[in-house]
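Colleague: With the hints as a guide, bring the two chains together.
Here the protein sequences come in this chain order: A and B. Residues in the first sequence are numbered consecutively from -7, following this note's numbering. Residues in the second sequence are numbered consecutively from 219, following this note's numbering.
No wet-lab data here; the hints were simulated from the structure. Only a predicted model underlies this, so the values are computations on that prediction, with no experimental measurement involved. The C-beta atom is built at its ideal place from N, Cα and C for all residues, glycine as well. One should not assume that every hint holds.
To be verified - Here are some chain B residues pointing at chain A (derived, C-beta under 8 Å):
no.: 1; residue: Ala238
no.: 2; residue: Phe248
no.: 3; residue: Val252
no.: 4; residue: Gly264
no.: 5; residue: Val285
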Amino acid sequence: MQRPGLLGQVAIEALEPWLVDVAPWGTPIASSQTFVTVISSLVVYNGQTTQSGAAVFNDSIAWDTVLGGGSWTVELMHSLGSNRPIYTVQVGGATWGTIDGYSAAAGYNTRSSIAGSAVGAGKQRLTLAAASKNASSSGYTVALQHLQLRRTA
Amino acid sequence: MTERPGLLAARTGQWVNDQALPWRIDVDVFMTAVSQVSFDTITLTGSQAYNGRKQGSVQNCEIGFDVLLAAGTWTYEHLVQTGNSNGIVTLQLNGATVGTLDTYTAGGAFNVRQNVAGIAVASPGRARLRLLMASKNGSSAGYELDVSHVTLRRTS
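Looking at chain B on its own, in the form it has when it is part of the complex (with noise of 0.2 Å):
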């Protein structure tokens, strides 16, 4: 295949810089998810950016999206209401486990921005993100998860 740096021109047989690839990814995650297990409910809440959050509530739960990523490093990054009753999710991307994060807090709070960085991604392409609610902290009363936006961001 002939290189062709740079060029946008045609798309079949065609190379670009995978620099200009996205750098950051937002993800809404009101609308309706290409995957989901008992995770699709939108409650209100007055004091959570975006005036709602969409919620999960039992053990393996789970939520996915399709998303470009380019090879390298990413940060994945989510805002979420914390609580009592609120699980571990568990991060996998095309299924593999980058990380976790715990949503439990004894006394609960809006708007916290947890993340999982130097997560390597080896090639480009389309990726599923999932998050699954598989365990949770020993003083959680519960697996809830409750997510009002999702972001990556390509760090190298």
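In isolation and in its complexed conformation, chain A is listed as follows (with noise of 0.2 Å):
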């Protein structure tokens, strides 16, 4: 078999990735409102992102992805506080679960996630939408620190 390139070839199942990192810092490829980064030394990577303006229902922000096929786990590093909202996640429009951000005391470097999601390979988006609150909550704060997916199987 002819094997052109300087390191031969590979099966393209070889090309998915098994773990995608999202820093929230940068501008998403579609949200609701402008989001902003604010500092905080209370948490890891020194920061938080978060909405400019007044924190509405439905407020969402999204990043899109190469995910390889497979099942997958997204998990959600976050502040939590009594003004946040229930994030509901979404990966290609299809909702996987959802968490719920609102704490009565605040809390920081909080890792969340939901597992077991099955996706087809190729470009997805990852869509967080502040859908729903907590009884208790307040807002609709969205207050995100990190994202992760991680492919399982």
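Modeller: Okay, structure coming up:
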């Protein structure tokens, strides 16, 4: 078999990632309003992403990622608070689950994950939407530190 | 199989040039690792990049990440805090040891970059990168590892 290229060739499946990190500091591919980075010495990465304007119901932020075909876990590192929403997590338009950001007391570097969702290979849009809130929460203020997608199978 | 160099049009049965595989992989250490033993504590420090570190502190604590590596030669690099209770970390790829790095220093320092170069990867695909705190410098008081970031660079 001919093997052109400096290092030969590999099956295309080998190109598909197993680990995708999303730092929320940059401009997202889509969002309901402008999101900004707020410096906080209380969190790893030294900052968190939140809405620039008033936080409202259904505020959302999204990033495009390339995933391999298989089962993936999505994990969110976020700051808890009394005015946080329940995040609806969507990948490729399908809702994978929700993560409640509410806590009466502030909390930092909280990792919350949704495991085991199947996805097809290729570009997939990861969306977080403040589509609901805990009955005790006073608002929809998003506070994101990091997102990660991990393929498990 | 029909050879189709450079094509990305279909998944199964197609071939692509592995030059397209990543040459640099940044591993975020703060999120949940794919495997870990006594290595999941996040500690804030205003003196360290990322404003924190992930910490293990007992002998044989370990943390693992799944990464997609191309065949070739790779350099591993981490950003750590060194100190007088830090250990020697053993680096493994798919269970095979590829090097060790001593994170002990008497005085301690932040944002220290250490690397292992010349790591040969024979075939492309998923690899489990494992950091294992198996030993320590004779002068060290412990087996601590304080890591803030990991990078893998392909050099050829």
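Colleague: Failing hints, ascending?
Modeller: none
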